[in-house]
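Number of protein chains: 4
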Amino acid sequence: MVVVMKEDATREQIQNVIARLMEENFDVHQSTGVSRTIIGAIGEKRGLDTRKIAILDGVHEVLRITEPYKLASRTFHPDNTVIRIGEVAIGGDEVVVMAGPCSVESEEQIDRIAAEVSRAGAKILRGGAFKPRTSPYSFQGLGEEGLRLLREAADRHGLLAVSEGMDRSKIDVVAEYADILQVGARNMQNYDLLRELGKIRKPVLLKRGMSATIEETLMSAEYIMSGGNYEVILCERGIRTFEQYTRNTMDISAIPVFQKLSHLPVIADPSHGTGIRDKVAPLARAAVAAGANGLMIEVHHEPECALSDGAQSLYPEQFVRLMQECGIIAEAIGKRLPQSRPVAAAGS
Amino acid sequence: MVVVMKEDATREQIQNVIARLMEENFDVHQSTGVSRTIIGAIGEKRGLDTRKIAILDGVHEVLRITEPYKLASRTFHPDNTVIRIGEVAIGGDEVVVMAGPCSVESEEQIDRIAAEVSRAGAKILRGGAFKPRTSPYSFQGLGEEGLRLLREAADRHGLLAVSEGMDRSKIDVVAEYADILQVGARNMQNYDLLRELGKIRKPVLLKRGMSATIEETLMSAEYIMSGGNYEVILCERGIRTFEQYTRNTMDISAIPVFQKLSHLPVIADPSHGTGIRDKVAPLARAAVAAGANGLMIEVHHEPECALSDGAQSLYPEQFVRLMQECGIIAEAIGKRLPQSRPVAAAGS
Amino acid sequence: MVVVMKEDATREQIQNVIARLMEENFDVHQSTGVSRTIIGAIGEKRGLDTRKIAILDGVHEVLRITEPYKLASRTFHPDNTVIRIGEVAIGGDEVVVMAGPCSVESEEQIDRIAAEVSRAGAKILRGGAFKPRTSPYSFQGLGEEGLRLLREAADRHGLLAVSEGMDRSKIDVVAEYADILQVGARNMQNYDLLRELGKIRKPVLLKRGMSATIEETLMSAEYIMSGGNYEVILCERGIRTFEQYTRNTMDISAIPVFQKLSHLPVIADPSHGTGIRDKVAPLARAAVAAGANGLMIEVHHEPECALSDGAQSLYPEQFVRLMQECGIIAEAIGKRLPQSRPVAAAGS
Amino acid sequence: MVVVMKEDATREQIQNVIARLMEENFDVHQSTGVSRTIIGAIGEKRGLDTRKIAILDGVHEVLRITEPYKLASRTFHPDNTVIRIGEVAIGGDEVVVMAGPCSVESEEQIDRIAAEVSRAGAKILRGGAFKPRTSPYSFQGLGEEGLRLLREAADRHGLLAVSEGMDRSKIDVVAEYADILQVGARNMQNYDLLRELGKIRKPVLLKRGMSATIEETLMSAEYIMSGGNYEVILCERGIRTFEQYTRNTMDISAIPVFQKLSHLPVIADPSHGTGIRDKVAPLARAAVAAGANGLMIEVHHEPECALSDGAQSLYPEQFVRLMQECGIIAEAIGKRLPQSRPVAAAGS
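Chains as they are written, first to last, in the numbering used here: chain A, 1 to 348; chain B, 349 to 696; chain C, 697 to 1044; chain D, 1045 to 1392.
No lab work stands behind these hints, which were simulated from the structure alone. Among the hints, erroneous ones may be present.
Label-pair ranges, simulated between beta-carbon atoms [as the list claims (entries may be wrong)]: (1) Gly576(B) / Cys1001(C): 18 to 28 Å; (2) Arg412(B) / Glu108(A): 29 to 39 Å; (3) Glu1196(D) / Glu719(C): 43 to 53 Å; (4) Gly227(A) / Gln711(C): 38 to 48 Å; (5) Phe1120(D) / Lys550(B): 30 to 40 Å; (6) Met22(A) / Arg897(C): 49 to 59 Å; (7) Ser802(C) / Gly576(B): 55 to 65 Å; (8) Arg412(B) / Glu145(A): 54 to 64 Å.
Here chain D is said to cover these stretches of chain B; the calculated rule only asks that three of the stretch's residues, wherever they fall, bring their Cβ under 8 Å from a Cβ of chain D [stated by the list, open to error]: (9) 422-432; (10) 586-600.
Computed from a predicted model, the values in this text were never measured in an experiment. Built from N, CA and C at the ideal position, the CB exists for glycine as well.
Go ahead and model the full structure; you've got the sequences and the hints to work with.
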């Protein structure tokens, strides 16, 4: 922390600020210039509200230095975290694709889509069982039955499975069926949930809240990691801005920024990020071109009949083409996105 | 819903859209103009994703008519909802003030502050026991012990009590001690929590999420109300914008807008809305001038020592003065904010 | 400026940064802590792009101290600036109201409205002659003829006149007729225009751009002031946010923030800030309650026939009532807003 | 326009709305349902303020149909506009790159950079001569001398030239030297400037304002086109959001959206869009992957000494590498971005 004193701060005020900083166990350095005094406070305690110093008499402003997160920071962990689940490695050279319907609707539906996305090169099957819906009158998901169908379809097609746990009480059941637990954007700052996820030993896919800053997203990762679960995957899925043509505004810059500040893998979800089918492919390609470690894409063979988010789901043939384009783009920047999969996988 | 067809939509496409709308049980009206056909679909089902119609061939755009909420809407409930708890009525002519510390820290602290705010005219004591904090390293509240201290202090000074329940599992314990349950801004779209609050029979204070639209806030109220709990108090507490001088940007316009769209009482929380002590009073006055039914204000007798949010807490003497100013402002628009309270209250 | 070095910055990198800072004539102070070195650079040159230091090797981040504006800053001019034009003083204890139609449409229209607003207590007549319109097909204003009609109506009813000059080439003609020159929100960063306004000797009403930060608005004031024209009135008129129910989101907090950072008078324009007639009065009252030095309000006797912005114009009787309410509110915080005016004024 | 009446609207109110619409020459269709009446008004006049209908008695809301722009709309011009200047075609299959320094600083500087970017495959040289700066104390550009140096360097290296004209009075001089006139983001709604650009016969590069919606940007293009100049290039350069890590938030989705709504070419400027050198390449690649017709990139051989925006300028070797990556990405989606140029060009 750097405390900038007012130009007319008195000697007494300066001494008072120094005393307060020392009480908080800071290593204090005073630097007196012609017009102002600046106080450097090294050894910043995490979790201190800097406004407590800012309101002391004679203080012009307080500037924070250290990032408020540590476990999630690249400063303390320079190498990329690579999360390995079976044969899949997220965070390395391969761009890993998660795909599937918004919601699991029936055995036939999830099986059909699993077959399609597996064939096209996806490694992980997505599908919601507990759906957070803005309207209490909308379809709310199949619950545990949906998770079971998801698991079975994933297994049948050689895929891993990811699904959302909206609430502390759902964590155990989701963890029983899925390989990766997803935290939805609306829950990114549900701290009880984050703390609970810190206790399990399965990777967590943390979606950036639609009004969360990059720093706040990393703080939420820190919550999970401070509980002992270091396998967190960050996910950019669009932020809320004044532009309303797309549902959200994909913050593609956040991908390289997250990767600079943190060692955690970063994926992008252009389906929720745009909310419009014909914008999904351009933004998916953009995310890969910007260096994303993976994608999460909604695919449905009959989007016009989907019980949720049909309007943003790709048709299987659109997904195949997107995978091919992204494969070339990945190579342009020294990554890989293998499309065809060993034939055995489909029957495993 | 109004479906606007493209200028070059075919007769077949128009018929297809009409068929789909009829399947969804709409009353359909076709209006054919020189350049376009417009299809009016009356009897809109709540919870339908209009994007499902938007993606049909030949459709230019779909315009929604009916508000997606009903129980919260003034259309279906023209008179103001007045929530009565003991002698306090929220939503009527009186501006009701809730005040107290950010967190309950000790018996002495909460008692001292309760005495001060009661004397100045507040009717409800606020104080957090379970604190949602962006950093996992910050003070997290006293838990149930904090609730007990809050209740006792409130009773001693003739006040009601309001406190936040962050998670489904905390609802019961908060409801045991508090008269009003608060839903924090970060939980405004925690639907499991909202559903749980729909089952209890105590008023809920619902804070607008920092990136929630007015409509989404009303949808969250609808979630609670659809469970059978009709006593919801809306609270404007600042939205996230590009302006970073204040912590959030108080959307004062939202107060009259909420009151136009809904019959529910609307209060304002300028402490969280601005995050800076010397901006709390101007914005509190502004909220009353704009017609708010109440205020929620953080007050602390030693803000520089507060364990949370000290920088935005008023000193008791600032609070007294603010109450006097707001009393005059309330009268300017035909409301009341009584400052002095019967002597008996302090000792009850 | 404070330069925070990386934890692993080398001695050479630190020396290099210091050398660069000294080249730029800074007074440099080095403060070496256990984990990091912090370099204080006092005597910051205005207009320096701090990113030039930020990109040097070994630099973690650069924190700016001094506000980039000086003439507009309260630091260098602690007393309020009071702008006097004839008998009107803007920036003192009186809340000064500017009112009138969006556009001057005809002699009869502007005269009728001038009479109404003068009677209700307004001191300054507003009316556009050159209209910036988002559509090239909309009414663009009466031009110089409109200015003449505005001037005459103002004189007839004992009012001052304010009008917008959109472009450098219009400054002279607007200055010929109006007492105050308005810079519209879309032109807040039209630097050629600002420089031109720095050369004239009439007060300038500077509207905050809809995506301008508070600091950027003060920088635009600085542009005008650096040319020698110190009479600048700041105007909050709503910022662009994700909330679309109102046309813009009035940032009422900006009023006390501007007043803290700057000595210039601050007014509010709730007509453009909300864009909806029935929200104008609540927000006008809120602005006065928050401490605004004045208001700018659109009034029209036949808003449904207005050639521009009729939907946000008050009827004269609504304006009268608003003035009465604001008069009481002003007194609640130690200001004045006289409603009735000497009878002579009307016929002067 | 579709006018949705209130559920309790009277027959008289409905008749009154219809009468008003007919006065405005609309073709009116009434559709009466069980609960509401909807009135379709076809033949919408461009430039009508729909709020004038919205405030009539009995109206619930007014929904706009037709886009308010016409000349810029793909509806009325289904094929892509391809702008040809010499051998360069913007808007076709080739991704056209504009590169160069933020400001022209000296003959040696602009020549050196022109040589580098030409060799790497850029077709157009950028360089500012009149600089809009937020601070009145910053470097403001070399003026006409800068334009002359830009022209000469462009000619020496077989490039076209683009530069910004900030003000109506600068249009002629910029047009004398540059092949393309740039409108800066801050001037996107400077309507006098836009109108002036409608009269010239050189292509205009229109940057999206940082708080301008996609629709408003197209309206500004419409302003220029309505004057007779149909050669407008749209440029996404980042919008203002709550996220402050990057200078602006590049709205990559806007690229395919602009291309859907309009036939005009769309380029991206990741240098201003991110403001940070190491984010420029990822976002440039993302823009190409999303389908942009071109890029505008700041390049400087000594960015640490640049008089403006050095922190966001690429080193020439970074630019070369970026061009190679973008070449592969362009091919992945069926476009081209030729890197090597005929040797003759350098000496032409």
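Comparing the hints with the structure gives:
{"no.": "1", "hint": "Gly576(B) / Cys1001(C): 18 to 28 Å", "result": "49 Å, violated"}
{"no.": "2", "hint": "Arg412(B) / Glu108(A): 29 to 39 Å", "result": "32 Å, holds"}
{"no.": "3", "hint": "Glu1196(D) / Glu719(C): 43 to 53 Å", "result": "31 Å, violated"}
{"no.": "4", "hint": "Gly227(A) / Gln711(C): 38 to 48 Å", "result": "43 Å, holds"}
{"no.": "5", "hint": "Phe1120(D) / Lys550(B): 30 to 40 Å", "result": "59 Å, violated"}
{"no.": "6", "hint": "Met22(A) / Arg897(C): 49 to 59 Å", "result": "54 Å, holds"}
{"no.": "7", "hint": "Ser802(C) / Gly576(B): 55 to 65 Å", "result": "59 Å, holds"}
{"no.": "8", "hint": "Arg412(B) / Glu145(A): 54 to 64 Å", "result": "32 Å, violated"}
{"no.": "9", "hint": "422-432", "result": "violated (count 1)"}
{"no.": "10", "hint": "586-600", "result": "holds (count 4)"}
Consistency note: the structure conflicts with the earlier hints numbered 1, 3, 5, 8 and 9.
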